Amino acid sequence: MGLMTFKGGLHPYEGKEISMDKEIKDYFSKSDMVYPLNQHIGAPAKPLVKKGDRVLRGQKIAEAGGFVSANIHASASGTVKAIEPRRTSGGNMAMSIVLENDGAYESIDFDENIRPLEELYCDDVRDIIREAGIVGMGGAGFPTNVKLTPKDDEAIDYVIVNGAECEPYLTSDYRRMIEEPEKLIIGLKIVVNLFPNAKGIIAIEDNKPKAIKKLRELTRDEEKITVNAMKTKYPQGGERQLIYANTKRRLNSKMLPADVGCIVNNVDTMIAIYEALIEGKPLMDRIVTVTGDAIANPCNFRVPLGTNCRELIKAAGGYMHDAPGKIIAGGPMMGKDMISLDVPSVKGLSAILCLEENVVAEMEESNCIRCGKCGGVCPSGLMPAKLAVLSARGNLEAFEVCDGMECIECGCCSYICPAKRHLTQSIASARKQVLASRKK
Amino acid sequence: MSELRKISASPHVRSELTTGEIMLDVVFALLPASVVGVYNFGYKAFLMIVVCIASCVAFEWLFEKFLNRKSTVGDFSAVVTGLLLALNLSPEVPYWMAILGCAFAIIVVKQLFGGIGQNFMNPALGARCFLLLSFTGQMTTFSYDAVTQATPLAVIRDGGTVDLMKMFLGSTAGTIGETSTAAILLGLIYLLVRKIISPRIPFCYIGTFSLLIFVYALASGIADPFYFLGMQLCGGGLMLGAVFMATDYVTSPVTPDGKVVFGVLLGILTFCFRMFGASAEGVSYAIIISNLFVPLIERFTVPKSFGKGAEHHE
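One line per chain: the protein sequences are E and L, in this order. For what it's worth, this note's numbering labels the leading residue of the first sequence as 5, then goes sequentially. For what it's worth, this note's numbering labels the leading residue of the second sequence as 162, then goes sequentially.
With the rest of the complex left out, here is chain E (with noise of 0.2 Å):
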């Protein structure tokens, strides 16, 4: 059997060997820790907290602002300082709780969270996701208790763990599954158990080979529990990708991978799960990898979440040269350019990731010779370079005729371009503009 795959896609340098091999450290920042309440998708938390409280570690300072929202917990002790907008990795400004840290790290007792697993019914379940913050820690950051709360329990199949992790140069899924693979494990039988009809699947991308034999062993007893190996492609470890890959069911932006009988949950996700459920712990550390070719020396790093990113990139050794020419925070295809280094870690962010040199501004753009290469590679089976010039005409209407909207902004499409055209950002924009325009 051919290993799983789609159709399309491509294979840039992966540049995981610079921390693939470094082993998880635990890092605890002694300064200020920033919490933005709108680390997820949905509505912002809202505070609890007012300045000059003191927190623990664990406790929860912020609760969900709507059903699809999410609660935030302190990741240190110490004082709140301040309640007031704060820049994030992504560029805009996001109130935030910014709490005096007092380096001790005192927290509460996560012990008198534990209730016996055998106890709790599937709601319950949910309850300790929900209470404990955790959203889809792949970057997109959607709840967890909503994806685990589909219309009908029963038609759920799978409940696909998302190893891929099929972006350049990220190894913090990586790392944990090779470091943490019983923990992964138990977060996804905890998954698969809310559903009557559910099997678990583990897909990864075999460029990891180490994690795909390590869970293999670990699951053999396992009859629910299924380790894929999924071609190293990017973007395998796109939801609709991945689904296709493991199960060969489509579909579209207008569906949810519920409609199609699939739960997808990233890895740290599922031991964030994990802890909650076994540990008691919410959700307040994440595995942060900082590398590139401008580090001194790539590491992957557990943090407490609203550590700061320029510290992280100092304790990573700081900077090979002067100043690299690419920040960027997540991977390269999807990642976003850092306009600033003093913003927090947040769930959502897997990496930090300085490149030496910047490509792209030093690029220029020719005409598109109709090579049909970004065609090629689109895993949603779009015309890239059409949909960019009805972007450029500002042809909505045609825009979402040529399905414009099934994009799932992967960046394939520049990366082939010989000419160098921003197809993905004049897609993107398109489509930005669409989304406006239908909540009007």
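The set of hints was computed from the structure by calculation and includes no laboratory data. Predicted model only: the values in this text are computed from it and were never measured. Think of the CB as a built atom: it goes at the ideal place given N, C-alpha and C, for glycine as much as any other residue. The reader is advised that the hints may include incorrect statements.
Said to hold, decoys possible - Chain E is nowhere near these chain L residues, computed Cβ spacing over 10 Å in every case:
hint : residue
1    : K167
2    : T179
3    : L208
4    : A219
5    : E253
6    : L294
7    : T297
8    : T322
9    : Y351
10   : S359
11   : L372
12   : F389
13   : T416
14   : F461
15   : V463
16   : F467
As the list claims (entries may be wrong) - Using 30 Å as the maximum straight-line C-alpha spacing, the simulated DSBU-like pairs for lysine-lysine come out as follows:
hint : chain 1 : residue 1 : chain 2 : residue 2
17   : E       : K258      : L       : K469
18   : E       : K424      : L       : K327
19   : E       : K203      : L       : K167
20   : L       : K469      : E       : K443
21   : E       : K252      : L       : K167
22   : E       : K11       : L       : K469
23   : E       : K444      : L       : K167
Start from chain E and add chain L according to the hints.
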């Protein structure tokens, strides 16, 4: 330490592939045909290639200089046009005429429509047809071994016979680049291996054409249909056209299904022109006419997007 960086939207990395590299690959793929052409037709052919490439590049540079546009000479597309035009000319054509053709290709067909990527017709073929209509006499004078001869297809049309092996290897009269099927196939393999072109257009073109010719040969009682087919395939610039001109990115459909339709259309047109037309050739006209259908073909062959028609799973 400066904190200022240039900001851009994702993706932040790009492939190494450039337009110039693609064009250079096409030039490499044309080398076997060029070498055989020079071997067959001597220094005249070599000079023709040099003159055409130099004048295409010069016209491109001059035109853009004149209009204060950014020079696109560095993308080697003018080199490809020049080389292709030379390979489409008889070595007997006077150089001034070739230069005129280059000016037509670059200025009229390419630049006036907006430069690279914007022309609706293949520049080299446009120029060839322009010259063919303007100077029919000189354009259809062919020679081999310094003796003026008819092309193999014309010989057969008039009832003669030609050695098929000679046609395959290229030691016959014809334009500089069209005679050697073997050399063109080498170029085709290179283009396919390097993934510069998809096999759809050349295969559908040649397949449709072969099928029609074979049926025609059977229906009209031609004594040896296989010989007839082989000679139709090796003669008259079909291979050069199918591999290098019909596959021109700019003037062929980008959609996968569109490429199939385009190839089939080319096969039908070439067949009709050759069997029922006044000329023994027909490839050039078939291609430039099909070029005009590209926008229409693309309109009806939009690929199905990934989730189109996806259904909820029960």
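Taking the hints in turn, this is what the structure says about them:
no., hint, result
1, K167, "4 Å, violated"
2, T179, "5 Å, violated"
3, L208, "29 Å, holds"
4, A219, "20 Å, holds"
5, E253, "33 Å, holds"
6, L294, "27 Å, holds"
7, T297, "32 Å, holds"
8, T322, "42 Å, holds"
9, Y351, "16 Å, holds"
10, S359, "8 Å, violated"
11, L372, "26 Å, holds"
12, F389, "35 Å, holds"
13, T416, "7 Å, violated"
14, F461, "13 Å, holds"
15, V463, "7 Å, violated"
16, F467, "4 Å, violated"
17, E/K258 with L/K469, "10 Å, holds"
18, E/K424 with L/K327, "44 Å, violated"
19, E/K203 with L/K167, "47 Å, violated"
20, L/K469 with E/K443, "23 Å, holds"
21, E/K252 with L/K167, "41 Å, violated"
22, E/K11 with L/K469, "14 Å, holds"
23, E/K444 with L/K167, "34 Å, violated"
Hints 1, 2, 10, 13, 15, 16, 18, 19, 21 and 23 from the earlier list are contradicted by this structure; the remaining hints agree with it.
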